[in-house]
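K.L.:
Just so you know, the sequences run in chain order P and E. Using this note's numbering, the first residue of the first sequence is number 28, and each one after it goes up by one. Using this note's numbering, the first residue of the second sequence is number 2, and each one after it goes up by one.
Worth double-checking, as some hints may not be accurate.
[Stated by the list, open to error] SDA-like, lysine to any residue: derived pairs with alpha carbons at most 25 Å apart:
(1) Lys215/E with Pro63/P
(2) Lys73/P with Ser98/E
(3) Lys73/P with Arg68/E
(4) Lys38/E with Tyr86/E
(5) Lys112/P with Lys215/E
(6) Lys210/E with Asp36/E
(7) Lys73/P with His79/E
None of these hints come from the bench; they were simulated from the model.
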Amino acid sequence: MYKSLPTLNENTRYSLSIEYLVVPPSTEGVVLNQTPLFTVERRLRKGVEYKEEHYAMPIDNATFTPSQCRTVGQLAFEVNYFFRKL
Amino acid sequence: MEDHFLYANNDWHTYGKTDAGYAAASHIKIIFRSDGKLGFKYTHVGSALFVLHLTEEGQRVFGFDNRYIAPDENSKMHLYLDGNYVRNDPPPEGAESVVFVSPNSIYSHNEYRPEIAIMTSLPLIPYVDVQESSAATKRQLASYRYPQNPAAFSYRETMFKQVIENTRSYYHLENGSKTHNVFFLTGTQLQNFHIRLLSRKYVYNENSKLFDMKESPYLLPDESLWTLGIKLKTL
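Please construct the entire structure, taking both the sequences and the accompanying hints into account.
P.N.:
In structure tokens:
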């Protein structure tokens with residue numbers, strides 16, 4: 028804290044106003060970050076039983092979870108980047 | 002081997018490396034419309050190889066009733082899974098790409114009217130906050146509408162849309178002493194006080210069908226600081 032005035036006097040009236048305020052953007056996003064939104068699965072034929080051994084993708088992480096989204100545009104970019112990496 | 006897939010005995014990745022697979026720049030992609038809606042675009046290859054299984058949060062964010070985004074034989078999004086069995090085949094070979102657009106705009110469906118508020122323990126003139134079913138007095142130095150950075154859209158050729166988003170590393174919310182936030186206090190009251198920076202927003206409540214006001218500490222990025230300048234003038 029920087030003081031440009033001497034210590035305040037008791038029983039003296041002052042006017043207080045905000046002269047400036049500078050804040051960094053919040054890290055909160057439009058879309059809830061770190062919450063999985065969807066999983067990519069293999070498409071099965073009509074009539075096939077839905078089993079994990081059939082539909083699971085042979086890759087480590089087929090679930091999309093947004094991580095740094097503050098805007099819808101950033102969400103779209105992250106989803107397309109995820110698809111391209113499949 | 003049992004024939005589970007449309008391209009039997011061909012791994013999904015193998016098919017993607019065929020001429021048909023290469024012909025599609027991306028099998029599935031998301032499309033951002035200027036009204037804030039997102040669309041999932043499936044090429045014929047993409048719809049034959051993949052389905053998207055939405056989580057509950059995914060259904061809420063994108064606004065789809067169906068748990069699966071999977072085009073059927075008529076390129077519509079109907080029930081993919083019936084009980085424990087798959088109900089539909091993908092569109093036939095040669096079908097055009099299909100886009101499923103989310104019913105909701107997701108610009109602000111999570112929160113509404115975000116504000117930055119500076120609260121204090123100083124005995125200010127109370128600020129009365131009235132909500133639908135409650136009211137409270139608060140000691141608020143100031144509140145500011147959270148700055149928005151609208152995206153700019155333009156078209157490059159017919160098919161390609163360009164989106165430009167500008168971001169700033171700091172928001173300058175107040176600059177000057179001629180402000181409406183002026184309070185009168187005595188030196189005794191100013192001996193010891195606290196200040197809190199809060200994030201205030203209105204979050205939709207599914208039960209009451211109304212927006213509830215939520216206040217929480219303003220989340221700052223790591224290793225960042227905020228600056229508040231206060232002017233005191235003797236009367």
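K.L.:
Would you mind marking each hint as holding or not holding in the structure?
P.N.:
Hints, verified against the model:
At most 25 Å may separate the alpha-carbon atoms for a hinted pair to count; Lys215/E and Pro63/P meet this at roughly 24 Å. For the proposed pair Lys73/P and Ser98/E, the alpha carbon gap of about 20 Å is at most 25 Å, so the pair holds. With a CA separation close to 17 Å, the supplied pair Lys73/P and Arg68/E stays within the 25 Å bound. Note on Lys38/E and Tyr86/E: the hinted pairing is violated, with a Cα-Cα distance of about 31 Å set against a maximum of 25 Å.
A threshold of 25 Å between alpha carbons decides the hint, and for Lys112/P with Lys215/E the separation of about 37 Å lies outside it, so the pair is violated. Between the alpha carbons of Lys210/E and Asp36/E the distance comes to roughly 23 Å, so the proposed pair stays at or under 25 Å and holds. Our distance criterion of 25 Å between C-alpha atoms is met by Lys73/P and His79/E, whose separation comes to about 13 Å.
Checked against the numbered hints given earlier, the structure breaks hints 4, 5 and satisfies all the rest.
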